[in-house]
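Visitor: Turn these sequences into a full structure, and let the hints steer you where they fit.
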Amino acid sequence: MPLYELQCITAHFTQYAHIQSLVKVSAQGIIARGGVVREIKSLGTKALPQRMRSHKTWHDIADYWIMRFDASPKSMKTLTAALKQDPRVVRWTTLKLGERLQDMLGSRAQTID
38 MPLYELQCIT AHFTQYAHIQ SLVKVSAQGI IARGGVVREI KSLGTKALPQ RMRSHKTWHD
98 IADYWIMRFD ASPKSMKTLT AALKQDPRVV RWTTLKLGER LQDMLGSRAQ TID
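Residue 38 is where the sequence shown starts when you use the working numbering, and the numbers rise one by one after that.
None of these hints come from the bench; they were simulated from the model.
We put the beta carbon where it would ideally sit given N, CA and C, even for glycine.
Hints are all accurate, no fakes.
List time: in silico DSS-like cross-link candidates among lysine-lysine, alpha-carbon distance up to 25 Å:
hint, residue 1, residue 2
1, 78, 133
2, 114, 93
3, 111, 61
DEER-style ranges, computed between Cβ atoms:
hint, residue 1, residue 2, range
4, 97, 52, 17 to 23 Å
5, 87, 114, 27 to 33 Å
6, 115, 53, 24 to 30 Å
Guide: Shown next, in the form of structure tokens:
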């Protein structure tokens, strides 16, 4: 299973419960389809570089978060469809970090003996 990184910008709410439930549903969807969630990190609330419109609503500030996970391409389609329909999501992108363990580890540093 490839390693992916989901970078998500969500609409800002005064209560953190809305974002927490979105992250929880996304992670549970990956786990339910045989994937593994490696890391979930919140990057906090930030002003957007420009006003963004999503689901007929304008946004000036948003909450940023990242999730790294292993998942099959089939489960990626399901996650993408869920994010596309969720009104809390302003923007998102998914990066494929690697498919094999060697891709994720990188090359070894050369040592002089």
